[in-house]
Every structure is written in structure tokens, then in C-alpha cells.
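First to last, the protein sequences are chains A and B.
The opening residue of the first sequence carries number 1 in the numbering used here; numbering runs sequentially from there.
The opening residue of the second sequence carries number 1 in the numbering used here; numbering runs sequentially from there.
Derived from the structure by calculation, the hints contain no laboratory data.
Only a predicted model underlies this, so the values are computations on that prediction, with no experimental measurement involved.
All C-beta atoms, glycine included, are put in the ideal place defined by N, C-alpha and C.
Wrong hints could be hidden among the right ones.
Said to hold, decoys possible - Facing chain A, according to a computed beta carbon distance under 10 Å, are these residues of chain B, among others:
#1 F34
#2 Q38
#3 Q45
#4 Y61
#5 F63
#6 F67
#7 F105
#8 K107
#9 G108
#10 V113
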Amino acid sequence: EAGVTQFPSHSVIEKGQTVTLRCDPISGHDNLYWYRRVMGKEIKFLLHFVKESKQDESGMPNNRFLAERTGGTYSTLKVQPAELEDSGVYFCASSQDSRYTGELFFGEGSRLTVL
Amino acid sequence: AQSVAQPEDQVNVAEGNPLTVKCTYSVSGNPYLFWYVQYPNRGLQFLLKYITGDNLVKGSYGFEAEFNKSQTSFHLKKPSALVSDSALYFCAVRDSGSGNTPLVFGKGTRLSVIA
Numbered sequence: 001e002a003g004v005t006q007f008p009s010h011s012v013i014e015k016g017q018t019v020t021l022r023c024d025p026i027s028g029h030d031n032l033y034w035y036r037r038v039m040g041k042e043i044k045f046l047l048h049f050v051k052e053s054k055q056d057e058s059g060m061p062n063n064r065f066l067a068e069r070t071g072g073t074y075s076t077l078k079v080q081p082a083e084l085e086d087s088g089v090y091f092c093a094s095s096q097d098s099r100y101t102g103e104l105f106f107g108e109g110s111r112l113t114v115l
Numbered sequence: 001a002q003s004v005a006q007p008e009d010q011v012n013v014a015e016g017n018p019l020t021v022k023c024t025y026s027v028s029g030n031p032y033l034f035w036y037v038q039y040p041n042r043g044l045q046f047l048l049k050y051i052t053g054d055n056l057v058k059g060s061y062g063f064e065a066e067f068n069k070s071q072t073s074f075h076l077k078k079p080s081a082l083v084s085d086s087a088l089y090f091c092a093v094r095d096s097g098s099g100n101t102p103l104v105f106g107k108g109t110r111l112s113v114i115a
């Protein structure tokens with residue numbers, strides 16, 4: 001069974017440019033989460049999809065971030081325009097269990113560097 | 001609000017010695033507690049969790065953790081460390097009574113096991 005896959009693994013862009021990160025969850029997992037880790041800091045929650053619906057987007061930093069999950073399969077996270085403080089590792093995770101007692105399955109992360 | 005503290009950025013231990021990675025938490029209700037591990041260039045992997053029941057929880061790769069309600073702690077332990085245990089360890093918590101709130105992570109502790 002394929003795990004959670006994320007693309008690209010690393011992206012280097014200049015301030016003001018746009019970047020789109022993609023996440024393919026484990027097949028059959030309705031729950032999809034985006035998290036971000038700035039170097040040396042906590043892994044912070046961004047948002048949670050259940051199928052194609054946003055269950056919780058309380059962690060999204062501002063309106064420069066747009067997440068979508070059309071059709072309830074893969075998800076994209078777009079940052080437009082990117083700022084220096086957006087640099088970090090963006091993790092995607094999925095789960096079948098929506099009761100919040102189950103484990104999350106994480107991708108390897110997309111490292112974003114904004115210059 | 002939920003929070004997790006991992007007081008040590010780095011833990012060094014000799015191979016064969018016992019190891020402890022510390023975690024304390026703060027929630028208003030009862031906690032669901034998790035440990036995840038991140039090996040180099042990999043995504044986070046689930047190690048173990050405490051939901052209810054026995055305070056001593058056993059997980060993958062010989063790791064265990066003890067839930068201590070009075071000290072609000074959930075320290076990760078292993079009786080005999082291996083060099084292959086060297087990785088980044090994250091503690092996470094969710095308040096069981098707060099509905100569908102997301103998992104809150106600590107900032108991580110880097111474990112280095114020296115041969």
C-alpha cells in the first residue's frame with residue numbers, strides 16, 4: 001500500500017512568487033491534514049479536510065494560503081504571494097479514523113525556502 | 001488551550017544505556033497523548049499512544065511511555081538504546097473533551113545514540 005506522498009520535496013522561490021504543494025493521501029483515507037514546521041519550532045496545524053470539505057481551517061496563517069481538495073482525493077496548498085516567514089517544512093497527513101484517537105500517517109514533507 | 005512542552009532540544013545517550021525523552025502537556029480535560037518519530041528524510045511515524053487504561057503504554061521498536069496525570073507528563077523511554085534510534089521525536093496531545101480539535105505537537109527532541 002502506498003503511503004502519503006508529497007510533491008515537491010523541496011522548493012526554493014523568491015519573495016512574492018507563488019508555490020503550490022501537493023499531497024496524495026493514502027487511498028481510502030477521508031481525513032487529510034496539513035501541518036507546518038518552521039525550523040526548530042513546533043509542528044503547527046494548518047487545516048483539516050474531511051473528504052472535500054474543510055473541517056477546520058483555524059491554523060491557516062492568513063489569506064495568502066489557499067488549500068483545496070477537489071473530489072476528496074489529493075490536496076493542494078498554494079501560497080501566493082510567498083513571504084520570507086513562510087519558509088519551513090509543510091507536512092501532509094491522512095487518517096481513516098476521524099475520532100481523533102487514531103494515528104496519523106505522514107508524508108515526508110515539502111521543504112519551502114523563500115528567499 | 002492545549003499545549004505540549006519538550007524541554008530538551010537534544011538528548012545524547014550511549015548505546016545500550018536506557019533513554020528518556022521528556023514530555024509534559026496541558027489540556028483542560030483528559031488527554032489523548034501520542035509519540036511520533038522522524039528519521040532523516042522521512043515523514044513522521046507513529047510510535048505509541050495513550051487514550052485510556054493502563055498508564056504504561058508499549059509501542060513500536062521497544063519504546064514505552066508512562067502517563068502520569070499528577071505530573072502531566074508522558075515521557076518516552078527505552079531500556080536499551082540502539083544507534084538506529086537516533087532521530088527526532090515529537091510528543092503530541094489532544095484534549096478528549098474538546099470535540100474535533102487538532103493534534104498539538106511539541107517542538108521535538110533530537111535523540112543521538114552514540115556507539
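Verification of the supplied hints:
1. F34: With a minimum Cβ separation of about 7 Å from chain A (threshold 10 Å), the hint on B/F34 holds.
2. Q38: 8 Å, holds
3. Q45: 7 Å, holds
4. Y61: With a minimum Cβ separation of about 15 Å from chain A (threshold 10 Å), the hint on B/Y61 is violated.
5. F63: 14 Å, violated
6. F67: 14 Å, violated
7. F105: 4 Å, holds
8. K107: With a minimum Cβ separation of about 5 Å from chain A (threshold 10 Å), the hint on B/K107 holds.
9. G108: 8 Å, holds
10. V113: 21 Å, violated
Comparing the model with each earlier hint shows violations of hints 4, 5, 6 and 10; every other hint is respected.
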